[in-house]
Amino acid sequence: MLEKMMKTRLFAWVDERTGAEAIIKSQLTEYPVPKNLNYMWNFGSLALLVLVLQILTGIFLAMYYKPSAALTMGGYTVAFDSVERIMRDVNFGWLIRYMHAVGASAFFVVVYMHIGRGLYYGSYKGPRELLWIIGVVILLIMQGAAFFGYLLPWGQMSFWGATVITNLFGALPVLGEYLQQLLRGGFAVGDPTLNRFFSLHYLFPLLLVAIVGGHVHALHVVHSNNPEGIDVHGDDQKINFHPYYTVKDAFGVGIFLTIYCYVIFFNPQMGGYFIEVDNYVPANNLQTPPHIAPVWYLTPWYTILRSFESKLLGVLMMGGSLAILFLLPFLDRSKVRSARYRPVFKQMVLLFFVCVIVLGYCGHSAPTPTLKLVGQIATAYYFLFFFALLILPKFEKTKPVPDHI
Amino acid sequence: MTDQADQSRRNFLYVAAGGMGAVAAGATVVPFIGSMFPAADTLAAAKTEFDVATVEAGQLVVIQWQGKPVFIVNRTEEYLKQVDGHDEMLKDKNSTHIEAVRADWITPENLKYRSIKPEYLIVVASCTHLGCIPLFKPTAGRKEWGESVPENWPGGWHCPCHGSLYDISARVINGSPAPDNLHLMPYTYKTETQVVIG
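Chains as they are written, first to last, in this note's numbering: chain A, 30 to 434; chain B, 392 to 589.
Quick caveat, the hints were computed from the structure, so don't treat them as lab data.
Note that the coordinates shown come from a computational prediction; the quantities given were computed from them, not determined experimentally.
Calculated cross-link-like contacts (lysine-lysine; reagent style BS3-like; alpha-carbon spacing at most 27 Å):
#1 A:Lys95 - B:Lys459
#2 B:Lys459 - B:Lys528
#3 B:Lys484 - B:Lys508
#4 A:Lys54 - A:Lys267
#5 A:Lys375 - A:Lys364
#6 A:Lys95 - B:Lys438
Whole structure, please, built from the sequences with the hints as guidance.
Now the structure itself:
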């Protein structure tokens with residue numbers, strides 16, 4: 030198909046002026062990929078797909094969404110009403126909004142799987158350190174974009190979530206108060222906050238597109254890791270990205286879209302996990318809901334925040350828990366990449382995954398003394414994992430790695 | 392490997408997979424483009440009610456219907472006489488271009504008045520050239536209007552944007568850039584004076 034297209038005169042005309050053929054060959058039809066990638070390697074292309082879906086649905090939602098906390102004649106705010114109007118009056122508005130809201134959660138599911146795969150198979154290790162670091166930047170921007178977007182419906186969860194998170198910055202000494210006012214555009218979360226969050230919610234995806242471009246470029250320079258975690262040389266160990274992995278990615282897309290559509294059409298709120306029930310109550314700055322929690326994808330970090338008695342320490346540790354991801358390639362000095370050949374690391378990283386899930390569960394639940402203790406233990410392990418990697422290579426007896434795949 | 396491939400089977404699979412993909416992509420476009428058409432509440436606001444008794448004799452008021460400006464004129468006896476006598480100046484004196492679909496209340500009797508009740512003319516106030524709102528210049532002749540209207544001016548509207556002219560029944564006059572008469576719309580009288588537009 031592609032080969033036929035590349036033989037046409039039109040293509041030759043374009044190629045002469047753009048070098049399209051060389052690009053297609055080096056990036057697709059002759060881009061070498063290890064032949065043994067498993068299905069965990071599907072999540073990168075899925076993340077790209079969800080990014081495109083989010084941008085597309087977001088553009089159409091922005092045609093009807095109005096970022097204003099002014100009151101309407103009905104006594105609700107313009108922003109809240111405009112979201113409800115999208116749900117009730119705009120043609121297919123319900124579908125596009127659910128695609129966007131479910132898409133936000135889907136984005137994090139896919140990206141967390143992608144990150145987990147990178148951790149397990151040692152994809153962050155040399156020569157892929159920068160690839161990993163760019164990936165962490167993408168994660169942070171995604172979390173920012175998700176946070177800004179969550180304020181827009183101007184429901185109770187939107188309002189109080191934004192209040193809590195902007196208050197975090199107030200904990201920082203000296204500059205905290207100014208930083209807080211800078212984010213809010215006032216002394217409390219209000220109309221100016223809503224307006225600028227909408228602007229930033231539109232800006233961040235643009236940044237994402239640019240940085241994702243950098244991530245893919247960096248990947249195509251150092252090439253994909255593989256489940257064995259070894260460097261692959263020789264043509265018999267590699268296959269071309271197109272058609273082999275385009276087909277495999279397309280199959281993954283089919284599975285993903287099936288699940289995505291199931292959630293959109295049959296369970297768009299996902300029992301309050303994807304869209305929290307309290308967010309269908311319009312924002313009220315004089316009454317906090319009885320239990321507030323961030324959406325599931327931010328809860329692990331929220332638990333880390335809650336685990337410390339000092340406000341400032343909690344904020345710093347939460348920031349540190351994300352910042353430490355940048356250091357991972359330099360903390361772990363083991364020569365062996367894949368957990369398949371690192372028996373101790375394998376147990377540690379699997380426990381780390383469990384620990385993040387436990388942190389997420391604690392953050393989503395109302396605080397109790399037991400859960401607080403569980404959260405503190407999980408927080409301790411979260412940091413222990415990274416620092417243990419520093420000394421692990423000294424006593425871990427790795428299994429012999431194969432010399433080819 | 393290529394030697395053993397069954398090319399016709401492979402081509403069938405290409406076309407089948409590509410075809411399904413194209414159908415899916417096409418179906419995905421429907422809700423997105425569909426969302427850009429007027430929403431249900433916009434469509435629900437498609438009717439406007441107005442009491443024509445509030446318009447004095449000889450007065451013109453502009454109201455909104457579906458977000459568009461609408462002229463409601465209470466035509467005096469004198470204005471109603473100005474409807475006749477200049478048929479040769481009109482591009483489309485019987486309003487055959489557009490009226491049938493827009494106003495099913497039109498009959499041969501009210502054709503020249505272009506209204507259900509002769510005195511109350513109700514038309515969309517957008518010039519059919521490029522949508523400006525024409526100026527109301529109802530009296531015949533140049534006395535009040537000077538050079539802006541022709542010498543044999545029968546009275547009506549003059550569009551300030553590109554000089555289109557309409558008579559007192561809002562029919563376009565020869566030489567205007569506007570192609571059609573000002574548009575009519577469906578309306579009914581709910582009571583003697585209460586009109587429902589749309």
